[in-house]
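Asker: Sequence:
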Amino acid sequence: IFWSLWSLTHSNPCCLELLAVFYSIKSRDNKMVGDLDGARKQWEIARRFNIASLTLAVILTIVLIIVY
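Oh and the sequence shown: position 59 is 59 in the UniProt record's numbering, straight run, nothing missing.
The set of hints was computed from the structure by calculation and includes no laboratory data.
Please note that a few of the clues may not be correct.
Said to hold, decoys possible - For lysine to aspartate or glutamate, the following EDC-like pairs were computed, each having C-alpha atoms within a straight-line distance of at most 20 Å:
hint	residue 1	residue 2
1	LYS41	ASP29
2	LYS31	GLU44
3	LYS26	ASP37
4	LYS26	GLU44
Build out the structure end to end from the sequences listed, making use of the hints.
Answerer: In structure tokens, the structure reads:
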């Protein structure tokens, strides 16, 4: 959840981090009720959204540096 929340507040291209936070919370909830397979699936989805968001943020930053 930490990575999702940090990215949500610092770099949020295309609102992907809202989805990552949503899936991170679902993963945590599944883990708390003992559904480890469901938690792993939700965590993997959140991880992919986090990676996509970070990649877009880096690309946009590089483009802005080059353009300006």
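Asker: Are the hints correct? Go through all of them and say.
Answerer: Right, here's what the structure says about each hint:
| no. | hint | in the structure |
| --- | --- | --- |
| 1 | LYS41 with ASP29 | holds, 12 Å |
| 2 | LYS31 with GLU44 | holds, 13 Å |
| 3 | LYS26 with ASP37 | holds, 12 Å |
| 4 | LYS26 with GLU44 | holds, 11 Å |
Taken one by one, the earlier hints all hold for this structure without exception.
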